[in-house]
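Chemist: Here is how the chains run, residue by residue.
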Amino acid sequence: MPTMHRFANPARFVRISSALLPWLTVAMVGFFGAGLYFGLFNSPPDYQQGDSVRIMYVHVPAATLASGVYVVMAVASAVALIWRHPLADVAAKSSAPIGAVFTLIALVTGALWGQPTWGTWWVWDARLTSVLIMLFLYLGYMGLWQAFDDERRAARAAAILALVGAVNLPIIRFSVDWWNTLHQPASIIRADGPTIHPDLLMPLGLMWGGFLCFFAVVLIVRMHREIVLRRIQALQTLQFETAAAVPQEA
Amino acid sequence: MDTIRTFFDMGGYAAFVWPAFVVTAVLMGGLFAWSRHALRADRRTLDLLQQARRDMRSRARGTAEGEA
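Those protein sequences? They're chains Y and G, same order as listed.
Residues 49 to 298 in our numbering are what the first sequence spells out, letter by letter.
Residues 289 to 356 in our numbering are what the second sequence spells out, letter by letter.
In case anyone wonders, no lab produced these hints; they're calculated from the structure.
Note that CB positions come from ideal geometry on N, CA and C, so glycine has one too.
Mixed in with the good hints, there may be bad ones.
As the list claims (entries may be wrong) - Pairwise CB distance ranges (calculated):
id : chain 1 : residue 1 : chain 2 : residue 2 : range
1  : G       : LEU334    : Y       : PRO93     : 32 to 42 Å
2  : G       : ASP335    : Y       : THR243    : 37 to 47 Å
3  : G       : MET344    : Y       : ILE236    : 22 to 32 Å
4  : G       : ILE292    : Y       : LEU180    : 36 to 46 Å
5  : Y       : ILE237    : G       : MET344    : 27 to 37 Å
6  : Y       : THR243    : G       : LEU334    : 50 to 60 Å
7  : Y       : ALA291    : G       : LEU334    : 16 to 26 Å
8  : G       : GLN338    : Y       : THR243    : 24 to 34 Å
9  : G       : LEU336    : Y       : PHE89     : 44 to 54 Å
10 : G       : ARG328    : Y       : ILE236    : 35 to 45 Å
11 : G       : ALA340    : Y       : ASP197    : 16 to 26 Å
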């Protein structure tokens, strides 16, 4: 795994990602600007759902990335457990709050879309329930990191929870096919191509790009913070040990 | 004026469309601001600690030279 270990050095990671950060931020603003313009001003309403279809431009990117971030978190957790890659824990821990926010957005905007479309804010169908479980998995994962004084034990416990919770991912993905759900089946990533009109697909793609750049930007910022926190902790331990080693003056 | 009203009315779905966008903006904006603020605050703490360590070392060197 030479490529993986080349990025194992936190200082090198901070240098490379700091150079990427301004570009990603510009791309994020650009995608969101264009996505909101087309999504809110310059795209037609749906022939059945009317303007309520515009909720799709925040709901779908948030929902797909909620699962996507979980995949990142689970893969990073596996890498941390197996290869003890020093940045993998940092990446997994930093992803969790972003994934939790995306999941919360997907649930809230889904309820706001469900009321005018289905006539209900919430149903305990397989898709909605499995996404709610994912929110609890994110919160549980974040809670586990806080529950241990020993950082290494916290990392191990959290990584195991992330990996066990990954069982939920195919359930979310295929829930709409395996069970009879109120939630519609996939309409973008399908074997026979998307079933959404290009006029609606274009703003959706732009907003998706914005969400993806947001994830990258916030992930980098949070990983930088985590690296800083670990340096603070190391320095404090060092100072404590130095102070303990120096004999007290009488 | 009517165009603006029509836009904000969202074909009668204003009560659903606007809250969806506002909730998204508040949650994502909040996470972004919190993450940046926390990074800056912790960087300041790290700078202070590193400065304190440098001071301690130079004091220790000064004492050692004085004794020699």
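Chemist: If a hint holds in the structure, say so; if it doesn't, say that too.
Modeler: For each hint, the structure was consulted:
1. G:LEU334 with Y:PRO93: 32 to 42 Å: violated, 51 Å
2. G:ASP335 with Y:THR243: 37 to 47 Å: violated, 54 Å
3. G:MET344 with Y:ILE236: 22 to 32 Å: violated, 59 Å
4. G:ILE292 with Y:LEU180: 36 to 46 Å: holds, 38 Å
5. Y:ILE237 with G:MET344: 27 to 37 Å: Violated, since Y:ILE237 and G:MET344 (Cβ atoms, about 58 Å apart) do not stay within the stated range.
6. Y:THR243 with G:LEU334: 50 to 60 Å: holds, 52 Å
7. Y:ALA291 with G:LEU334: 16 to 26 Å: 19 Å Cβ-Cβ, so the 16 to 26 Å window holds.
8. G:GLN338 with Y:THR243: 24 to 34 Å: violated, 57 Å
9. G:LEU336 with Y:PHE89: 44 to 54 Å: About 48 Å separates the Cβ atoms of G:LEU336 and Y:PHE89, which means 44 to 54 Å holds.
10. G:ARG328 with Y:ILE236: 35 to 45 Å: With a Cβ separation near 38 Å, G:ARG328 and Y:ILE236 satisfy 35 to 45 Å, so the hint holds.
11. G:ALA340 with Y:ASP197: 16 to 26 Å: holds, 24 Å
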